[in-house]
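Modelling step: build the complete structure from the supplied sequences, incorporating the hints.
Chains as they are written, first to last, in my numbering: chain A, 1 to 262; chain B, 1001 to 1262; chain C, 2001 to 2262; chain D, 3001 to 3262; chain E, 4001 to 4262; chain F, 5001 to 5262; chain G, 6001 to 6262.
If you are wondering where the hints come from, they were derived from the structure by calculation, not from laboratory data.
Please note: incorrect hints may appear among the correct ones.
Some chain C residues near chain B, calculated using beta-carbon distances under 7 Å [claimed, not checked]:
1) Phe2017
2) Pro2019
3) Asp2020
4) Lys2054
5) Gln2123
6) Gln2127
7) Gly2129
8) Ala2131
9) Glu2179
10) His2181
11) Ile2202
In the DSSO-like style, the derived pairs of lysine-lysine whose C-alpha atoms are separated by at most 30 Å in a straight line are [unchecked claim]:
12) A/Lys116 <-> F/Lys5071
13) G/Lys6034 <-> G/Lys6071
14) C/Lys2054 <-> B/Lys1054
15) B/Lys1116 <-> B/Lys1170
Virtual Cβ for every residue (Gly too), placed ideally from N, Cα, C.
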Amino acid sequence: MQGQNQQQAYDRGITIFSPDGRLYQVEYAREAVKRGTPSIGVRTEGGVVLLVDKRINSPLMEESSVEKIHKADDHVGIASAGHVADARQLIDYARRDAQINRVRYDEPIAVETLTKDITDHIQQYTQVGGARPFGVALLIGGVDDGEPRLFETDPSGTPYEWKAIAIGEKRADVQDYLEEHYREDLTLDEGVELALRALGEIRDELTPAGVGVGTIDAETGTFLELSDDEIREYLGEHELLPEADEGEESDETSAEDEETEE
Amino acid sequence: MQGQNQQQAYDRGITIFSPDGRLYQVEYAREAVKRGTPSIGVRTEGGVVLLVDKRINSPLMEESSVEKIHKADDHVGIASAGHVADARQLIDYARRDAQINRVRYDEPIAVETLTKDITDHIQQYTQVGGARPFGVALLIGGVDDGEPRLFETDPSGTPYEWKAIAIGEKRADVQDYLEEHYREDLTLDEGVELALRALGEIRDELTPAGVGVGTIDAETGTFLELSDDEIREYLGEHELLPEADEGEESDETSAEDEETEE
Amino acid sequence: MQGQNQQQAYDRGITIFSPDGRLYQVEYAREAVKRGTPSIGVRTEGGVVLLVDKRINSPLMEESSVEKIHKADDHVGIASAGHVADARQLIDYARRDAQINRVRYDEPIAVETLTKDITDHIQQYTQVGGARPFGVALLIGGVDDGEPRLFETDPSGTPYEWKAIAIGEKRADVQDYLEEHYREDLTLDEGVELALRALGEIRDELTPAGVGVGTIDAETGTFLELSDDEIREYLGEHELLPEADEGEESDETSAEDEETEE
Amino acid sequence: MQGQNQQQAYDRGITIFSPDGRLYQVEYAREAVKRGTPSIGVRTEGGVVLLVDKRINSPLMEESSVEKIHKADDHVGIASAGHVADARQLIDYARRDAQINRVRYDEPIAVETLTKDITDHIQQYTQVGGARPFGVALLIGGVDDGEPRLFETDPSGTPYEWKAIAIGEKRADVQDYLEEHYREDLTLDEGVELALRALGEIRDELTPAGVGVGTIDAETGTFLELSDDEIREYLGEHELLPEADEGEESDETSAEDEETEE
Amino acid sequence: MQGQNQQQAYDRGITIFSPDGRLYQVEYAREAVKRGTPSIGVRTEGGVVLLVDKRINSPLMEESSVEKIHKADDHVGIASAGHVADARQLIDYARRDAQINRVRYDEPIAVETLTKDITDHIQQYTQVGGARPFGVALLIGGVDDGEPRLFETDPSGTPYEWKAIAIGEKRADVQDYLEEHYREDLTLDEGVELALRALGEIRDELTPAGVGVGTIDAETGTFLELSDDEIREYLGEHELLPEADEGEESDETSAEDEETEE
Amino acid sequence: MQGQNQQQAYDRGITIFSPDGRLYQVEYAREAVKRGTPSIGVRTEGGVVLLVDKRINSPLMEESSVEKIHKADDHVGIASAGHVADARQLIDYARRDAQINRVRYDEPIAVETLTKDITDHIQQYTQVGGARPFGVALLIGGVDDGEPRLFETDPSGTPYEWKAIAIGEKRADVQDYLEEHYREDLTLDEGVELALRALGEIRDELTPAGVGVGTIDAETGTFLELSDDEIREYLGEHELLPEADEGEESDETSAEDEETEE
Amino acid sequence: MQGQNQQQAYDRGITIFSPDGRLYQVEYAREAVKRGTPSIGVRTEGGVVLLVDKRINSPLMEESSVEKIHKADDHVGIASAGHVADARQLIDYARRDAQINRVRYDEPIAVETLTKDITDHIQQYTQVGGARPFGVALLIGGVDDGEPRLFETDPSGTPYEWKAIAIGEKRADVQDYLEEHYREDLTLDEGVELALRALGEIRDELTPAGVGVGTIDAETGTFLELSDDEIREYLGEHELLPEADEGEESDETSAEDEETEE
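Rendered as structure tokens:
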């Protein structure tokens, strides 16, 4: 209770330091990220994979409207975890920033430059009064002159570069899986599989509509979102599809059973 | 009591995160939505249906003045639940936004674009200080090049796309009904019936003046509000009208009885 | 006491939501309306009637200075209940708004348009910080192309249209009377009588100086305030005048006695 | 104590509504008015009388510097009760307003117009944050085209018109006297006498220097402040002067006695 | 303790009214005045005298740097008591104001006008948020066309005119002395003596360096500060000088002993 | 608990003094610095060395993305400890400042000038409201006309010049080592070794990727960041490399064992 | 505890008066001054001496970077005690102010004018909200047309002129020494000695690098900072140097032993 009262004192009106040098509002914003469904990024030699969990509770909601993966520019995709409306603000910021770069320098913005512009923007909301921090983390994947890059931004406005990373709910479990199975020489396809399997660690089953996958191919340098069919293909190929979703001939065995799809 | 004190700490002056990463002011604004009379949206192959509950307590109030369904543009209608005055602000915002699009691009605004402009506007009120969030949810229905679209906005500024959805008071009961009876291949007329029956789940009776219905036909792409007579017709056709309201042959059961309908 | 503490938390500096989705400052502003002397509006086929209670405590105060009924434009009158100084601000706003409409479009503003401009203005004071809501409700009566309209605005900024309505002190009693006796086919004169009798329900006696009456005739479309003599005539005709006020020959019977005047 | 805590909650930073719809800061400002020495206004057929109590504690203070009666324009005088420095701000506002009217329309401002401009200004300080209400009430007396007018402004920004009124300390006692003795057909001289006698109700004695009298004659339409000699004359004529102050023949009764007057 | 808590509620962020209509911040600013060393003003037929107590604790401080008496314009001097840095702000304001008057109207500003400009400035700091009141009182002495004037300003922004007045520490004792010994027909020299003797009431001894004296002669209309020698002369003439300070021949008797100086 | 409550009082909204003259928010920001991984600066005759600890927890994070050492201008490098996002803001400020100097004066900015511009900027965030202090300390190393300079900035905005300094976690231990082993006549290479050994005091092992090293050579006056290979070389030369990282022939002895590298 | 709570009430957000008329934030800022190492000013016939204590804890810090003595203009030096970063802001202000004076009037600014400009600037931070007071005191020494002047500014913004003064830690002890030994007819050299000996009162030993000395010679009117060698000379001449620092021949006796240098 003492501790609680103490915390409250650092939550009023403006983001300020606690006696032990922490910014509680930023840490609470990180909690908002942890409340979000997970997103995963995997950097491979062949490009970057962004995977998002789009599971929804209501059968009447359009899963396509669960926006967690976005195209920021031709060569950059962004996945988010946390407060969806906050993510949209940052995506808009990223798109304008990328556009300005094209207009000004007549070339695509470097993924790292874009990431740091975004984190500088995020940082302002943690230091200057009159607003709260952004309650969202982003995975920014892209390709610069053939080189795949994968960055994370957190609510404090710190940029990190990763080989593979999970953000959001049950992040630790997914990250453990990634650390165990990641290899630097993955192909882009293997990267998609790794991401799907990592998500499978914390999901009883994966459905084509329940996940979103975006890739930025190192060769083409172009961001693409996979269609439900393409995702189904991946899931099928890698025996990740629950039976009910795999075709008419699905039998009643468990989801872990092996199934092949066309 | 502890929890209550804790909550209060996150409600002062500005919308800030609680230790578990929630934005209480946004959650309380959602409560304001739940206090509002229900609105229902149904997307069919033939178009989108918006249904609002306009029941009023006083017989001297003009039911037509209970504004819960609005035309945002020729091809877009908006229904609301929650704080009526807040809804009006967003409707005005939507109309200006749609108008600007016509002027600038000489074409109707896409329903999704309009929705996201609105949610971005809503989000600002949850992050920047000096104002409270909007205490209202909107159902935005429209037709883009023949394709019916139905979106929801909530007080956090998150856009969702739905096949069918209920917002406001007793939302869960109506939504259950929708989930059970919704079919993708509904006609627009069947959509109206579904919405009326869904509302009937939580209302003892439906009167023509007590509900408002707007439709956007997929073919014409035009928003229309049904007249009381047209609603009466629907209610009568589908035997949803309380006896007293159904025609000359009404018997003497209920107290409110004896009404004529041409 | 718990509840009280809880309420206090939502009353500081800015109008914010309570955990159950209410805006306490708006609700308290409604209490300010209930503390005001009552005003009544009645819409008839022949026009709109606005009646205000101008009773004052001191015999030395000029009853004419109790401003509760105002001309907003040639065809619109406004009656208020609640915080008088707040009402004046809104009246000024209404007059400017009506004037701008005439200048811009060369035609009188529609009563509904005027009402909604006012409610939008009121709503801003409930959402944006740095000011309190308006502690006043308005009855806006007018005639558009021969059609009588009667609107109410409340402190939340919601517009309602009414056939007949009472606001202010003992509103419920007056409203009950109106609901019981209102008929759609009232003449304007009958409307004045209905309003006077409704007020009589909660007043021991009515004096010409103690009430203010404004009418907007459907035919002429012109707002007129009745003189004391005209009010006396109405009161006399309808046997609503207390004896002492009816002329030199008043006898000492009770105020409910029947008296005729000229 | 409960009630006290409750009040405190409505006194912070901005003027807001209490649960029963009151504006405590405005009510406290009214207390500031009640703490001021009284001022009296009397409207007669012959013009308006403004009387102020200028009693001071120190014999070394110049009574003439106790500014409670002011000329706002040739035809308007203003008396105040309450916070003197606040009154000065409003007087300055009134003078500028009257001056602007003369420049713009080439005619003196109507007393009612001036009053309402002032009350609108006062109201702003009760609704918009960042300032406290004015802790002063004004009596505004003037003559419009031969017609005497007398208005009061209070800290809420409400204008009232009066035949006769007292504001400030012991207001109720003075007002009772006014109500008992006021007649509509008073001459201006009788109005001065009435005001002096009314003040005499709550003062042991009146001295020429201890009161200030301003009149606006209906015929000339000009504000005049009476000199000490003129006041002495009035007091003498009406036997309101304490003995010691009445002339050379003063006897040795009271302690404060022994005064000579040229 | 109750009362203390109550007071605290009215001291936050902005100067607001207490339930009994007081402005605590202004009253506390008056306490700051009472904490200052005293200043005295005396108006005589021959001009105005301003006397300030410049006693200091450290023998190494330059008494001349204790700024409590200032020239505002050729014909106006100002003495202060209270917060020295606040006084400086007001003196600067006064000087600019006097200078502007000379530039604009080519004549010296009237002492009363200057005083009221200053008090209006002070009042703003008691009503508008974002600043605290001035913790200082001023004595403004000057000569208008041969007429000596002496005004006081207090932290509320109220102007008073005085024949003789003391402000600051032990004000009451000094004021009592002034009231007892003041005569309207004093010469300027007698005014200086009166002020010195009044200060002597609360000081064991007066030294030339420990007091500051400014005079505005009615004939010349010019503000002059007395040199230490001139003050020593006055003190000596009027037997107010402590022995040790009177010259080389000072003996060791008590300070109350009588000494004459040249 | 008392003390805790007391502290809280000085942490609200704005950085203010505590009764003992401390600025808690600044002191808490210093705690944020202490929570950061350490950075070390060493000034030698041959130039300045900046060493940062880049250890990361996850094997999938790119150590190169841990930005703790930055080039501010050709001749200036900056290392940081504490809040990374805050550091980025100050680095941006420094770069702009250095750039402006080049544009304006056509010469590189003096290291001391740059440092003081940064500290003045930091100070503003400790005095003016509406923002929190920067939670970061910087080591600013550079060469002015051949002279090596090494400065530290802290969250209060105070600049210090050092011969050798450590900031961040376990600062005291590292500083003790520096104080014991620092010599003024170190070569740049010896400076790098000293910094590496000092960090080794608090780290079980140092890896090339786990540290970042920047040098500004006194002769060339140019900031250079060492590659992983160059760092490996240093670590190897000075027997600081853990066995596993030293090459294929590493044996299983302890990290303190002697190893030679090429 | 009561008193403590009471104090807290006056420390929030803005500098306001306590019930006894004190400004706590200003008094706390004075505590910040007392926490600083001492600075001493001595005014002699031959000029002004400024002495600062630059003792540092770490042998690796450059004592020259402890900035406590500054040149404000050719003829003015400033020493500070308290918050170093705050001092820098005021020094910058002083330099700009002096520069503007030279540009505008083509002559050096008077020391008193400069002082008062600075104190006026300081005062603003004690009255207007949104910032805290400056936590620093300054000693401003200079020469105007051959006349030495020595001023002090404190956190309230009050200017004082002194013959000799100490500020900062253990101020009272140093001031006692100054009061005992100060003579008006000191030469500049004797002034330096007095200042050094006064500091010696509270320091076990003085080292050339541990003190900073600035002088403004009355004849040349030029501010000069003494080099370490010059300070060593002074210390040696006056037998103030600890043995270890006096030269190669230092023996191991105590610091109080007498040593001569060159």
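Comparing the hints with the structure gives:
no. : hint                    : in the structure
1   : Phe2017                 : holds (4 Å)
2   : Pro2019                 : holds (6 Å)
3   : Asp2020                 : holds (5 Å)
4   : Lys2054                 : violated (24 Å)
5   : Gln2123                 : holds (4 Å)
6   : Gln2127                 : holds (5 Å)
7   : Gly2129                 : holds (4 Å)
8   : Ala2131                 : violated (11 Å)
9   : Glu2179                 : holds (6 Å)
10  : His2181                 : violated (11 Å)
11  : Ile2202                 : violated (17 Å)
12  : A/Lys116 <-> F/Lys5071  : holds (16 Å)
13  : G/Lys6034 <-> G/Lys6071 : holds (23 Å)
14  : C/Lys2054 <-> B/Lys1054 : violated (35 Å)
15  : B/Lys1116 <-> B/Lys1170 : holds (26 Å)
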